[in-house]
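Visitor: Position chain B relative to chain A; hints supplied.
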Amino acid sequence: MTDTPEDDAKNARLEWLLNERVGGESPPDLQHAVLARLHEPATAAHPRRGSRMLAAAMVLIGVAAVVAVSQFADNRPADNSQDGHLLNGEQSTLTNKQNPALDLVAWKDPSLVRSRQDIESLPADTLQVFAINLNDDALPALLRLHKLEALAMTVSTYERPLRGVQKPRAVYVTDDGLERLASLPNLRALVLEGQLKLKGPGIARVVEGAHLRELKLMNMAVTNDMLRGVCKAPLVSLQLHSSQTFSGGGLKAIAACQTLRFLSLTGCTHLEDLWIANLSGMKALEELYLNGVGSHTLFSGIRLNPLPEEPPGSGVTDRLLENLAPLPKLRKLDLSSGYITDKGLLALRKFPALRDLSLGSNEDISASGIDSLPKHIEKLSLVGHRSVDAKMLEVLLSRSGLRDLNLAWCKGQPDDAVEQLCKATHLTSLDVSGWELSDADRERLQKLPVTVKLPKIKKN
Amino acid sequence: MEASEFVKQHQAGLWRFLRSVGCDAALAEELTQDALLVALRRDIASREERTAAAFLRTTARNLWMKRRHNDRRRAEQLIDAAELLWQDDAAHDDGNQLLEALGRCVDELPERSRAALERSYHDGASRAEMANELNLTEHGVRNMMQRLRKALRECIERRTQ
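Each protein sequence line maps, in turn, to chains A and B.
As numbered in the numbering used here, residues 1 to 460 make up the first sequence, in order.
As numbered in the numbering used here, residues 461 to 621 make up the second sequence, in order.
For the record, the hints were derived by calculation from the structure and aren't laboratory data.
The structure displayed is predicted, hence computed values, not measured ones.
Every clue listed holds true.
With a straight-line Cα cutoff of 25 Å, these simulated DMTMM-like cross-link-like pairs (lysine to aspartate or glutamate) come out:
| hint | chain 1 | residue 1 | chain 2 | residue 2 |
| --- | --- | --- | --- | --- |
| 1 | B | LYS610 | B | ASP540 |
| 2 | B | LYS468 | A | ASP136 |
| 3 | A | LYS10 | B | ASP484 |
| 4 | B | LYS610 | A | GLU6 |
| 5 | A | LYS199 | A | GLU149 |
| 6 | A | LYS283 | A | GLU272 |
| 7 | A | LYS10 | B | ASP553 |
| 8 | B | LYS526 | A | ASP8 |
| 9 | A | LYS379 | A | GLU363 |
| 10 | B | LYS610 | A | ASP8 |
| 11 | A | LYS10 | B | GLU578 |
| 12 | A | LYS147 | A | ASP109 |
| 13 | B | LYS468 | A | GLU25 |
| 14 | B | LYS526 | A | ASP3 |
| 15 | A | LYS453 | A | ASP439 |
| 16 | B | LYS610 | A | GLU25 |
| 17 | A | LYS332 | A | GLU322 |
| 18 | A | LYS10 | B | ASP531 |
Next comes chain B alone, as it looks inside the complex:
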C-alpha cells in the first residue's frame, strides 16, 4: 500500500483513539503523526488493515505513556480500558457509529440541555457565563453538565449494545 493511502486510511481512527484516551487535539495530532511514521518505517503498511491498526494503537499507547511518566500506573490502566472499549465499539468503523449514536442522543435532549452543550462545547462558554444565561449558580451549571454527561453516556451505551 502507498504511504499516503496508508496515512489516509488510519489517521482518523488513530487520532480519535487518542482523543478518546483524553489527549488534547494538538497532542493527539502529534502522536498520530509519530505513530504513523514508525509504522511506515517498519513497513507495517503492507500488513492486513486490522493488524496495522492494532500496531498503530499500541505504538500510540507507548508514545503517550512516555508523556505520562508522572502517573504512569493510572495512565496505563486508563489506556488499557480505552483500548478494550475501542475494540468493542469503534475499531470496526473508526468511531463513526459512536458519533452517530451521540448525535441521536443529543437530538433527544430537551432544548435547554442541547443549548447548554452547544454553549459549552461549541462556543467554549465559561461556567460563569452559562450560569448567567441559564439563571443558575455556577454550582448548578456543574451539576447540570454532570447529569447531562451521565445521561449521554448511558444513552450511547444503550444504542451501541
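Just chain A, same shape as in the assembly:
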C-alpha cells in the first residue's frame, strides 16, 4: 500500500522531531549570515550544491588521512573511547606533551561550540573553548568571554553523525575575523587546525595583541612570512604539526624568538636537515620535537587541503645533529622516525642539559651508538626499534643514570630479555608494551619495584 502525502509529511515531521529532540540538532542562528548577505552590493552567485558537496567530499577524505597521520606521528595508540564532548580526532588536536615547568595550558573538558548561538549560550566565565567550523560572523561572540584562556578552532568535515551519515561541511575564519580576538584579555593559548584562509596577519595580530604564550598550527598553509609575523611576539610554545609550506627562512624566524621554550615540528615531513639547523643557538629552548620530520612513512600523498604535498625532505640526519648545537637548555629531544646513525649520536654530547631522548624507529642505531650517548640521559625511548638484541639490552641496562626506559613494540629481543630487565633495579619506569610475554615473564615484571607498562592481555 502506498503512503499518502499526509503520511509522508507525518513521517518527515517525526524525523525532524527525533533529530532535534533525541539527536541534539538545533535551529541555526542565521542573523549575522543573513544580514551580511543583505548588505552585499549584489547577490553573490551561490555555488551549486552539487559542486559544494563534491568539494566537501574531497576534503572529507583528506581529514581522515590527516587524523590518521597525526595519531601515528604522536606514537599514540588508537583510543576508541569518547571522552566528554570531544571526538577522538578533536582530542588529538589538543594533546599537549605536558611539562609542568613550562606551565602550558592543560586542556580540560573545553566547551564545544559549532555556531555563534552556541557561544552566546556559554557562561561569561568560560575558560576553554573548542570550536568547530566557525566563520568570521561567530567570532565577535567570543569577546564576551573575558576569562577565556584557551581557544581551539578547527575546520572539520567530520561532524557528529546523524542518521548514520557523515555530513561534510567546512567553514573557515579569515585574518580579518581572527584579529578581532586580539582584545581577549586572558587568552594564553590558541590552536588553529585546517584554517586554510588564514594568511598570517590575523594570527600575528592575535599573538601580539592578546600576549599569547602558546600557538599550535595544524594542517595549515604555514608560510615563512606567517612565521616571521608570529615569532615577533614572546611565545613560549610553538607547534607546527603537519604543515608543509615553510622552509629555512621560516625556521630562521623561529630561531629569532628567544623566548621559545617548546617547539614541535611533528609531521612536517618536507623539512631538510640544514633548514632545521637554523634553530641552532636558541638560548631558551627546552623541548624540541622532530618526530616524523622527513618521514617517508608519514608521507601519505593524500592531503587535507588543496595545497600541493611536498615530497619528504632529508629530515633528521647526522648532519643536522652536528649543526644543531648549541642549544644550552635543551632537555627533551624527540628524533623518532629519523635517519640517525651511531656516528650522529656522538653529536648529542654537545647538549649539556639533555635528559630525555626519543630515538624510536631510527633503524641504523646499534648498541655501540647507545653506548656513546651522554651519561646524563635519564629517559630514553626506542619505541618500535627493530633490533633491541642482547648486546643493545646489555648496554641499555648498564647505563646507571637511566631512570625511564621505553622499549614498547621493539623487536629482536633475546630469549632472556625479561631476566635481564629484572636486574635493572636502577630504573623507575619501564615500558614493554607490544612484547610477546609468557604469563611467568609477565608476573616477574609485575613484581619489579618499578612502574612497568605491560602489553595488553589478548582476549581469546
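Guide: The following block gives chain B in isolation, referenced to the frame of chain A:
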C-alpha cells in the same frame, strides 16, 4: 522591525518547517537564509507576524520545489500536506509543543526502545551495529524502528489533539 530582530523571530520556525518537509539540516539552513533575504528585500518585516511567517513558508516552499524538479508532483503534495500539519500543530509556537510532546512520548518508552532511539539518532549507529548490540538481526532492527516510529507518531497525535 529591525532586520536582525526579524531574522531572530522567524529563523527557528522556518528552519524547522523545512526540516519537517524532509530537507536535511544543511539545505534547510540554506533555504531559510534565502527565504529570509527575499522577505527582507520586499519589506515583509513590516507586516504582521503571522502574515510574515506565512510569506516565508511560501517562499521556502517555492525555493524547495525548484530543487525537486525531478519529482515535482510528489514534492508539491508533500509540502502542501506538511503546510497543513504545520498550521494545525506548530505555526503558533514554531513547533515547541510538538517537541515537548515527543519528549514525553520518548520518556514513556521502555528502556530498550529509548536506548535504540538514542543509538540511532544521537550516536548515528548503523543498523548492523544496533543489531549486534540488541541481539537482533538487521531486519529485526528495521522492524523495531518502524514500530517505534509508528508508536511515537500516534503518541504525538494523541498529545496534540
